[in-house]
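Engineer: Chain by chain, the residues run as shown.
Protein chains: 2
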Amino acid sequence: MSAGDPRLDRLSLNQWTTRRWTVAQAVDGCVRHGIPAIGLWREAVAEQGPAETAALVKDAGLRVSSLCRGGFLTGADPRLDDNRAAIDEAAALGAACLVLVVGGLPGVVPGGSPGPGFSRDLPGARERVAEALTVLAPYAAGHGVRLALEPLHPMYCADRAVLSTLGQALDLAEPYAAEHVGVVVDAFHIWWDPELTALVARAGDRIASYQVSDFLAPLPADVLLGRGMMGDGVIDFRPLTAAVEAAGYRGDIEVEIFNADVWAADPDEVLATVKRRFVTEVLPPG
Amino acid sequence: MSAGDPRLDRLSLNQWTTRRWTVAQAVDGCVRHGIPAIGLWREAVAEQGPAETAALVKDAGLRVSSLCRGGFLTGADPRLDDNRAAIDEAAALGAACLVLVVGGLPGVVPGGSPGPGFSRDLPGARERVAEALTVLAPYAAGHGVRLALEPLHPMYCADRAVLSTLGQALDLAEPYAAEHVGVVVDAFHIWWDPELTALVARAGDRIASYQVSDFLAPLPADVLLGRGMMGDGVIDFRPLTAAVEAAGYRGDIEVEIFNADVWAADPDEVLATVKRRFVTEVLPPG
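Protein chains in written order, with this note's numbering: chain A, 13 to 298; chain B, 13 to 298.
It is worth saying that the hints were derived from the structure and are not from the lab. We put the beta carbon where it would ideally sit given N, CA and C, even for glycine. You may find that some hints are simply not true.
[Said to hold, decoys possible] Simulated restraints, written as ranges between beta carbons of each label pair: (1) G73(B) <-> E186(A): 30 to 40 Å; (2) R214(B) <-> A233(A): 34 to 44 Å; (3) D17(A) <-> E143(B): 35 to 45 Å; (4) A88(B) <-> T209(A): 19 to 29 Å; (5) T209(A) <-> T292(B): 40 to 50 Å; (6) T209(B) <-> A233(A): 26 to 36 Å; (7) E207(A) <-> P232(B): 45 to 55 Å.
[What the hints assert, rightly or not] Non-contacting residues of chain B with respect to chain A, defined by C-beta distances greater than 12 Å in every case (computed): (8) A66; (9) D89; (10) A173.
Make the full structure from the sequences, and use the hints.
Structural biologist: Written out as structure tokens, the structure is:
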């Protein structure tokens, strides 16, 4: 599996998988490992410097498969300015999409308890996401950026995303052109959905990103870190990959793993495993 | 809120809420607290003795709102004999329904890791549930027992139930008469579903049980114990109760809480809180 291996042509490293690497280190890692694309996180880009990041990925010849993340639109303040800034950053980086994690119930911070401003009004929170999109979608379109609505696993509905299914994401995207508002197909979040195959087919050219990491059983104490290396959990990736292909998606396949053991490991070893498992678990056989 | 309070007319104590109580103690607790119904667990019934349990609830004048649980139908051995035994027990107790927790992926025990016989074939596991129902539904019907298919939160898909949504439960129940195969509406498991209101309406007379406990944020280290006292978490129960009523359900509303703090507390205090919160959080206002 040397650099230039055609089986890796669509592999993307989401940089959170090698979280202790800076952007510069992750870009260098992709180049050394023959990985042609990278998914970036705004915090890391800010640390490296946006202009320097853009230059680094360009000089390395990497595609930016996504920028994570905008969103958190459900509170009293839907943070539209911050989301516009995220769109500007995605445009500057030439990212294929800006991932939106829409936010949980008002007054619940990620991983936290209900706090000031808490509301149990889930339909209302979902309505606010739709409202924010009426502002952000045109802004993104005007800047040549594609928004990517990411349904998160229902166990994160309270604190991270009231967007819980691919069907709901497609309904939200419906009023907008597919090139302006797409959806993320993240195996970890939606593998359980009884309607998955039909929904991926329905998604068609709305698929802006295909992300993979495995669902661990049992989940660790912090459920945010329940994502494992492909093959270490319970997800059958190949039928999903086939469905995503059949829907017409030809973009990058991003490996995004939140896992304490993966983060503790030598990032170069992690990348070697990512490449191996990408071929044995995610790509179609043969 | 004395015994005979009409607001408690449909309250049922699922005995797992006061887990350290025996059946006899839980029956006594219901009587002392004016709670007219109880949900029983097979393990506890076996400890008390099935005949003695039946006599205890009858003498106390309690309804048995459910028996938990049959199911675990997805493995190489679908345990049909054990499920027939569960149906016999439900008949003997006069339970309103036998709850079926259908089982996770083959080879994953509840709360465990993939083990011998593990398979990632989720559609196949779901197919085996449908196949088992072709045997169990007629057996239950012949014994005057109503099966109640329980969709579990998608975070339990791997290890406890490949049945993840109310829609999927209704599809599974479809071939059978509503009085023989119903569904459980458990707020904890399905509160996040964007289609919830429509699905509850669709459920109509299939609703065999309405169960309540809150979804805690953040979840505890063992996600099985993420159920809290109503009002301690993020669920807005009243709109769900209204939807269940509008669908025509007039049966008991069962409080089933899996929570280390609740289990550690004095059961009589727990019941006092259950009654209070049932009125303030679950029942329609006024």
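Engineer: Now tell me if each hint is right for this structure.
Structural biologist: Consistency of the hints with the structure:
{"no.": "1", "hint": "G73(B) <-> E186(A): 30 to 40 Å", "in the structure": "violated, 54 Å"}
{"no.": "2", "hint": "R214(B) <-> A233(A): 34 to 44 Å", "in the structure": "holds, 37 Å"}
{"no.": "3", "hint": "D17(A) <-> E143(B): 35 to 45 Å", "in the structure": "holds, 43 Å"}
{"no.": "4", "hint": "A88(B) <-> T209(A): 19 to 29 Å", "in the structure": "holds, 25 Å"}
{"no.": "5", "hint": "T209(A) <-> T292(B): 40 to 50 Å", "in the structure": "holds, 43 Å"}
{"no.": "6", "hint": "T209(B) <-> A233(A): 26 to 36 Å", "in the structure": "holds, 34 Å"}
{"no.": "7", "hint": "E207(A) <-> P232(B): 45 to 55 Å", "in the structure": "violated, 30 Å"}
{"no.": "8", "hint": "A66", "in the structure": "holds, 36 Å"}
{"no.": "9", "hint": "D89", "in the structure": "holds, 20 Å"}
{"no.": "10", "hint": "A173", "in the structure": "violated, 10 Å"}
The structure shown violates the earlier hints numbered 1, 7 and 10.
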